[in-house]
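K.L.:
As a plain string of letters, each chain reads:
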Amino acid sequence: MTRGSAAAAGGAGEEAVRANLLFGPQPDVAKAAGYTDTPPRMGFFTDTSVCIGCKACEVACKEWNSVPEDGLELTGMSYDNTQGLGADTWRHVAFIEQRKPLGGQEPGTGHQDVDVFDAARSLGTSASSPGPGATAPTPGSAPVGAPAGEISPVSPDGRTELRWLMSSDVCKHCTHAACLDVCPTGSLFRTEFGTVVVQEDICNGCGYCVPACPYGVIDQRPHDGRVWKCTLCYDRLGVGMEPACAKSCPTDSIQFGPLDELRERAAARVARLHAAGVTDARLYGENPEDGVGGDGAFFLLLDEPEVYGLPPDPVVTTRDLPSMWRHAAVAAASLAALAAVSFARRPR
Amino acid sequence: MTGSDVTRDGVEEARPEREALTGAHTGRRRRRRGRGERSMVPEARFSSYYGKPILNKPVWKPLDIAGYLYLGGLAGASSLLAAGGQATGRPVLARTAKLGAASAISLSLAALVHDLGRPARFVNMLRVLKPTSPMSVGSWLLAGYAPLTVAAAAADVAGRYRMAGAAATAGAAVVGPAVATYTAVLISDTAVPTWHEGYREMPFVFAGSAASAAAGLGLVGAPAAQAGPARRMAVLGAALELGAFQLMKRRTGLAAEPYEQGRPRTLLRAAEALTAGGAALAALAGRRPGREGRRLPATAGAALLAGSAALRFAVFHAGVVSAEDPKYTVVPQRERLDARGR
Numbered sequence: 154m155t156r157g158s159a160a161a162a163g164g165a166g167e168e169a170v171r172a173n174l175l176f177g178p179q180p181d182v183a184k185a186a187g188y189t190d191t192p193p194r195m196g197f198f199t200d201t202s203v204c205i206g207c208k209a210c211e212v213a214c215k216e217w218n219s220v221p222e223d224g225l226e227l228t229g230m231s232y233d234n235t236q237g238l239g240a241d242t243w244r245h246v247a248f249i250e251q252r253k254p255l256g257g258q259e260p261g262t263g264h265q266d267v268d269v270f271d272a273a274r275s276l277g278t279s280a281s282s283p284g285p286g287a288t289a290p291t292p293g294s295a296p297v298g299a300p301a302g303e304i305s306p307v308s309p310d311g312r313t314e315l316r317w318l319m320s321s322d323v324c325k326h327c328t329h330a331a332c333l334d335v336c337p338t339g340s341l342f343r344t345e346f347g348t349v350v351v352q353e354d355i356c357n358g359c360g361y362c363v364p365a366c367p368y369g370v371i372d373q374r375p376h377d378g379r380v381w382k383c384t385l386c387y388d389r390l391g392v393g394m395e396p397a398c399a400k401s402c403p404t405d406s407i408q409f410g411p412l413d414e415l416r417e418r419a420a421a422r423v424a425r426l427h428a429a430g431v432t433d434a435r436l437y438g439e440n441p442e443d444g445v446g447g448d449g450a451f452f453l454l455l456d457e458p459e460v461y462g463l464p465p466d467p468v469v470t471t472r473d474l475p476s477m478w479r480h481a482a483v484a485a486a487s488l489a490a491l492a493a494v495s496f497a498r499r500p501r
Numbered sequence: 005m006t007g008s009d010v011t012r013d014g015v016e017e018a019r020p021e022r023e024a025l026t027g028a029h030t031g032r033r034r035r036r037r038g039r040g041e042r043s044m045v046p047e048a049r050f051s052s053y054y055g056k057p058i059l060n061k062p063v064w065k066p067l068d069i070a071g072y073l074y075l076g077g078l079a080g081a082s083s084l085l086a087a088g089g090q091a092t093g094r095p096v097l098a099r100t101a102k103l104g105a106a107s108a109i110s111l112s113l114a115a116l117v118h119d120l121g122r123p124a125r126f127v128n129m130l131r132v133l134k135p136t137s138p139m140s141v142g143s144w145l146l147a148g149y150a151p152l153t154v155a156a157a158a159a160d161v162a163g164r165y166r167m168a169g170a171a172a173t174a175g176a177a178v179v180g181p182a183v184a185t186y187t188a189v190l191i192s193d194t195a196v197p198t199w200h201e202g203y204r205e206m207p208f209v210f211a212g213s214a215a216s217a218a219a220g221l222g223l224v225g226a227p228a229a230q231a232g233p234a235r236r237m238a239v240l241g242a243a244l245e246l247g248a249f250q251l252m253k254r255r256t257g258l259a260a261e262p263y264e265q266g267r268p269r270t271l272l273r274a275a276e277a278l279t280a281g282g283a284a285l286a287a288l289a290g291r292r293p294g295r296e297g298r299r300l301p302a303t304a305g306a307a308l309l310a311g312s313a314a315l316r317f318a319v320f321h322a323g324v325v326s327a328e329d330p331k332y333t334v335v336p337q338r339e340r341l342d343a344r345g346r
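Line order of the protein sequences matches chains A and B. According to our numbering, the stretch in the first sequence is residues 154 to 501, in order. According to our numbering, the stretch in the second sequence is residues 5 to 346, in order.
No lab work stands behind these hints, which were simulated from the structure alone. From a predicted model like this one, the values you see are computed outputs, not experimental measurements. Just so you know, even glycine gets a beta-carbon here, dropped at the ideal spot from N, CA and C. Be a bit skeptical, because a hint or two may be false.
[Said to hold, decoys possible] Derived list of chain A stretches under chain B, where covered just means 3 residues or more per stretch with a C-beta under 8 Å from a C-beta of chain B:
1) 235 to 246
2) 326 to 337
3) 369 to 375
4) 436 to 443
5) 450 to 463
6) 470 to 479
Generate the whole structure from the sequences, applying the supplied hints.
P.N.:
Below, the structure written as structure tokens:
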């Protein structure tokens with residue numbers, strides 16, 4: 154997406170704001186939702202290349218929004234015990250353990266040939282194993298051939314064999330939000346910042362938004378019946394503060410700001426990563442031409458979206474809604490005709 | 005390779021199912037579901053996050069919402085049968101259909117309220133009217149339709165207020181087809197692959213299923229002399245239902261796969277057998293009216309009612325299966341992306 158096409162879309166002006174309500178680019182979502190004087194559209198840019206998987210965002214989100222505990226489970230999925238977004242998980246850090254091509258090499262993490270009793274016996278007697286009480290080896294005492302200062306195991310080209318991808322997932326605050334479109338009560342609404350929020354006192358727990366979301370974000374809280382999701386800290390935005398997750402992120406993996414600015418920053422970051430040889434880097438959800446009209450929260454990923462549990466090409470369900478209503482109308486007419494035909498013969 | 009792969013199931017040498025893999029050349033090893041049935045489409049290779057679903061699956065209770073889909077169809081088509089029966093001088097058929105429509109729609113509202121949790125929550129449905137929300141449109145349809153069916157049935161049973169009753173019967177017949185088919189839009193307007201991909205045929209499947217259910221009720225309740233239209237409706241409805249379903253399965257490809265596995269498959273086979281069998285029995289009952297007494301049409305009617313219900317549950321459960329397996333979300337989207345030459 155180039156700046157030029159954005160300018161062209163902006164040039165279409167008022168018409169573009171009003172049209173394409175169900176699908177396609179929408180330069181000003183807040184205006185389309187009926188706001189007159191709006192701040193710039195705000196959003197998240199989550200740069201997963203600097204995420205360290207500390208989960209500060211998960212904790213900060215829970216703390217600020219008073220999101221209840223949602224099960225303390227050890228999943229065995231690397232360090233991910235949260236599993237995915239849901240009613241009580243508004244930020245979710247995914248951990249993906251990957252082995253890049255091994256090239257026939259052993260990762261070198263096997264310890265079958267190490268006799269620990271032998272090692273224990275030689276404690277304190279050999280230079281490479283300090284005696285009890287020592288917490289760090291004395292400088293220069295590392296065995297010959299140990300990869301000093303490097304992460305082991307290391308392949309010949311200097312890359313580690315195991316890589317971790319970490320990514321903090323969140324509600325995408327879509328330009329065309331299926332959850333908002335299908336909500337029968339008006340409980341889900343578009344804020345002046347262009348984000349999507351659930352009004353908890355109006356939600357009646359019909360659960361329609363849950364299967365409507367193409368990202369699997371919004372969910373129903375058991376024993377409550379109502380649905381919950383990230384509000385992009387609407388309460389904090391209103392007083393000029395940044396959302397709790399972005400505030401707590403120690404590496405600025407989660408960046409918050411006006412969406413236009415974030416897109417520029419993201420494009421620059423991808424260019425830098427590509428120049429540095431990280432060719433896997435790509436943006437996800439930033440394109441206003443995509444199936445949901447672009448996300449208010451987009452990501453820099455280091456692999457395909459589905460590896461992170463994200464849909465590769467999501468489309469807002471309401472794109473096909475006019476066609477659905479037409480098909481249903483024809484079907485209803487067919488049903489009426491079918492009944493009429495059934496009565497067409499004279500009674501015996 | 006060293007045995008250092010710690011997985012959910014302990015330490016294993018083989019790559020386990022739940023391990024996240026990367027790149028175009030990896031795929032997930034899947035357990036075969038179903039019993040020895042050969043899959044209709046080739047085993048899909050794709051990446052996923054520990055095999056976890058991408059979508060959040062529908063939170064609707066199966067009995068409530070599949071029941072709601074079924075009862076709405078039964079009521080909508082019954083209203084047509086009621087109006088027809090009244091117009092052509094078949095009072096017992098008309099009364100059966102009117103009572104059926106009123107009870108079915110009341111039960112379906114009860115099912116909806118039960119799914120919501122408490123009655124006051126239904127009122128929130130009527131705060132707004134949103135054409136983008138099939139559930140909002142449906143709520144307003146029901147708010148108009150349910151009183152009409154109740155009024156029509158009450159006037160018929162009481163034998164008074166003939167004009168008002170006739171008007172209510174006619175009104176219900178006008179709204180009825182919409183009540184019977186909007187539920188197809190309701191479930192298609194989601195990201196659930198099996199539901200969404202079938203959005204073109206689903207309204208016709210539901211219309212046919214509604215007709216066969218209402219015809220079944222008519223066959224059970226009306227004497228053979230008045231059940232002629234119900235018998236014809238049974239045959240036509242079953243043909244529409246099963247034909248549209250076959251078309252849907254053929255057109256939607258991978259998204260139709262859940263219909264061929266596990267519980268949806270069992271339910272669908274039952275639905276096909278019951279609906280086709282019921283329609284055949286109904287046709288047979290038409291050939292020799294009165295010869296078998298009430299037993300043949302009653303059997304046909306019961307089979308049609310059960311067949312329609314089984315179909316709704318098959319559709320419901322297939323949708324849930326398709327939401328729970330990331331394959332149905334990732335594979336078509338990945339193919340779409342690759343086709344665009346990204």
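K.L.:
Which numbered hints are broken by the structure, listed smallest first?
P.N.:
The structure breaks only hint 4.
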